[in-house]
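S.K.: If you want the building blocks of each chain, they are given just below.
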Amino acid sequence: MLLPTLRSVALVGGITAALLATVPAAAQGDALKEANQLFKQGQFDRALERVDTHLKANPKDARGRFLKGLILAEQRKPDDAIKVFTELTQEYPELPEPYNNLAVLYASRGQYEQARVALEMAIRTHPSYATAHENLGDIYAKMASQAYDKALQLEKGNAPLQTKLNLIKELFPASAPAAKPAAARPESVKLAVAAPAQKPAAPAAPPQAKAPAPAAKPAAAKSAPAKPVAKPSANPDEVLSAVNQWAKAWSENDVPGYFAHYASDFKTPNGESRGDWEAQRKARIAKPRNIQVDVESPKIVFSESGRVTVTFRQHYRSDALSVSSTKTLVMVRSGEKWLIQQERVGS
Amino acid sequence: MADPTGTRRKLTPQGLLGSRALRYASATLLLAVVCACAFVMNGRSGEAVSAATALPAPSLNVQPTAGPEAQLSRTLHEVGNRRLDAAASEIDKAIRDYPNFRLAHLIKGDLLLARVQPLTTVGNAAGAPMDRLEELRAEARARLARIQSQRPVNLVPRSVLQLEPGQRNVLVVDTARSTLYVFENRDGEARYVTDYYVSIGKNGIDKVRQGDNKTPLGVYHVTGRLSRDKLNRTYGKLAEQYGVGALPINYPNELDRREGRDGHGIWLHGVPFDTYSRPPLASNGCIALTNEDFTTLAGEIQIGLTPVIIANGVDWVTPGAGLALRKELAQRVESWRRDWENREMDGYLAHYAVGFTTGRKDLARWSAQKHKVNAGKTWIRVRLEGISIFLYPGRDDLAMVTFDQDYASSNLVHQMRKRQYWIREDGVWRILQEGAA
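Chains as they are written, first to last, in the numbering used here: chain X, 1 to 347; chain S, 348 to 784.
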């Protein structure tokens with residue numbers, strides 16, 4: 001694997017705002033809620049059943065169809081998922097999310113050119129759509145890497161970018177979209193509104209998306225790790241503190257502080273050099289944007305080797321993007337500090 | 348691009364730094380690539396072209412409009428205009444036309460990566476083997492220099508003084524510019540036809556020893572033609588490296604042997620089928636062309652006749668510039684012939700240099716033999732036909748003369764193709780070496 005996995009997105013505020021009006025409120029029925037819930041629990045067959053029920057009553061409902069696309073992707077039916085998202089892009093060309101997920105699916109099959117086209121469509125509709133930009137960056141980097149392999153006659157096997165379907169699951173919003181302000185894309189919503197009334201309903205929709213409240217304090221890892229199988233010598237609080245400090249440095253765009261949490265033998269995610277990895281991270285972290293990284297429900301497992309594995313839900317919010325995902329850190333003790341040796345998405 | 352002043356077209360900073368906002372912020376950093384290229388081009392062209400630009404009437408530039416280098420050129424031109432999409436489309440065309448053109452893939456990679464991260468050089472493949480990257484960068488430099496170089500449309504290599512009527516072409520390899528020029532014979536003078544990118548020995552030039560992986564410098568002739576089938580039968584799997592075929596040349600020639608150079612098997616040949624071209628320094632001393640170019644070139648070759656001049660930097664002159672020297676040498680040859688025919692033994696032997704050798708004989712032994720042989724003859728007639736004259740590259744005092752010699756005397760008739768090396772000693776041209784060609 002050469003590149004970070006692509007970020008797929010769930011249906012967040014923007015799409016909700018744009019589409020809620022297309023479906024009678026009453027029809028936002030229990031079936032969809034249940035499907036959501038089941039999807040989150042990983043019960044994809046049942047989730048599909050429920051979402052189909054919902055769609056039978058509301059065949060045009062974009063949120064239901066979007067969820068169906070996610071479920072099909074989870075069920076490793078990329079062709080079917082691609083069909084669902086393709087239809088969504090055709091009917092709602094102003095929505096970037098279906099394009100983005102389409103791109104993720106194409107990329108997972110090594111069809112980078114199609115993925116690129118889909119992402120550029122997403123960006124055309126929402127120039128400030130950070131997820132699509134980042135995914136496009138990864139696609140370009142992957143295509144570049146392929147070109148370099150051809151140039152240098154390297155046999156790398158070129159595994160396609162993986163979609164990390166579990167990421168989709170984690171990304172799917174809490175079932176009550178209104179509860180959590182879907183922070184992402186204030187500009188894009190503005191654009192959608194500004195666009196001449198292709199969907200007359202859209203301007204009427206309440207501006208659900210709002211700029212992330214900078215004040216929003218990190219829901220800082222509520223101490224109490226779930227089940228720390230703690231070795232007597234190791235103190236889970238220290239580990240937790242290190243993780244929170246790491247999230248804090250990230251949130252504060254503190255690049256040196258952020259790097260200081262990584263062990264000298266840190267295994268870079270794609271096997272790139274430390275320098276390359278740092279350059280890439282630095283570019284993303286140091287950008288003058290409002291970043292908030294929260295750590296939720298950390299689970300700490302100590303191993304015999306002295307390493308500790310921390311799994312948690314990472315909530316990342318910037319002024320352009322809001323992503324939740326499961327993150328796993330493998331940490332080692334170095335003097336008084338716990339340092340990150342491996343970092344990966346998923347558990 | 349016509350450019351009578353000899354100034355090169357350059358990707359100027361003005362062209363790069365405009366006011367229009369870039370679509371991709373990170374793409375601004377692609378400029379690094381172009382700057383690097385431009386720097387390389389400028390650095391390279393400065394020395395490579397000085398000879399041509401110093402001439403009173405430098406020829407016009409003929410920009411190739413087709414082929415991979417034209418496509419590379421257009422790609423970089425679009426980058427210079429900050430039109431990354433157009434650049435990508437140009438490089439895609441190059442890859443479509445030449446799927447194994449590794450350098451094009453490298454630049455495609457750069458164009459893609461430029462949308463993601465700053466570029467610092469040509470070929471930003473992280474973690475790739477440095478030697479292979481360097482080879483491709485070297486090819487990029489060589490080809491970019493070629494893109495920007497002038498074609499010797501109205502110039503001739505100083506070395507080519509006279510072609511014989513039967514010679515269709517003369518090939519001139521400039522090892523300093525990774526280029527093989529093809530000239531056709533127009534009334535004994537060379538006229539530029541085309542040129543090709545070539546690779547030479549991985550250790551460069553001036554071959555001395557077998558196995559030194561260097562390309563010899565000198566004047567040679569194509570001696571044969573080896574098809575790929577023939578190469579397969581002879582070399583088996585090793586034949587792969589020669590691509591479509593090979594054209595051996597006569598290294599080491601008489602002069603090389605005289606200088607103690609050895610080795611053998613210096614050829615012009617193609618490249619393995621899995622690549623479009625090879626880096627500038629790649630072979631074991633041979634001159635490698637793309638298979639496409641080799642096939643075109645091989646159709647023009649006359650075995651035993653086509654000269655191959657290999658020089659480290661070619662002296663370009665206007666067509667008439669070599670006339671005086673050509674006449675002088677032709678007169679010396681004619682004078683030699685006449686003295687021989689008239690059995691003026693002192694005059695005849697005075698044409699030979701002190702260091703003269705032929706076969707294993709030195710001047711003294713050979714003179715004695717000549718006296719003895721010619722004493723018994725009542726008449727001699729010598730006719731020379733098909734005289735070609737080349738100045739040795741990099742030398743003002745050494746020339747190669749080849750001709751068909753038709754000799755008849757009272758007791759012997761003999762026809763041969765003869766080659767002589769003439770050297771200028773104290774202002775007088777004399778024969779340093781002669782033998783059958």
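Mixed in with the good hints, there may be bad ones.
To be verified - Straight-line Cα separation of at most 27 Å, DSS-like style, residue types lysine-lysine; simulated pairs: (1) X/K150 / X/K83; (2) X/K150 / S/K440; (3) S/K584 / X/K150; (4) S/K717 / S/K765; (5) S/K674 / S/K765; (6) S/K765 / S/K724; (7) S/K549 / X/K150.
Keep in mind the hints are simulated off the structure, nothing from the lab.
S.K.: Each hint should be assessed against the structure and marked as holding or not.
M.R.: Results for each hint:
Of the supplied pair hints, the one linking X/K150 and X/K83 is violated, its CA atoms being roughly 32 Å apart against a limit of 27 Å. Using a Cα cut-off of 27 Å, the hinted pair X/K150 and S/K440 holds, with the two alpha carbons roughly 16 Å apart. With a CA separation close to 23 Å, the supplied pair S/K584 and X/K150 stays within the 27 Å bound. Simply put, S/K717 and S/K765 have alpha-carbon atoms about 17 Å apart, close enough for the 27 Å limit, and the pair holds.
At roughly 20 Å between alpha-carbon atoms, S/K674 and S/K765 fall within 27 Å of each other, so this suggested pair holds. At most 27 Å may separate the alpha-carbon atoms for a hinted pair to count; S/K765 and S/K724 meet this at roughly 22 Å. For the suggested pair S/K549 and X/K150, the alpha carbons sit about 22 Å apart, so the restraint of at most 27 Å is met.
Hint compliance for this structure: hint 1 alone is broken.
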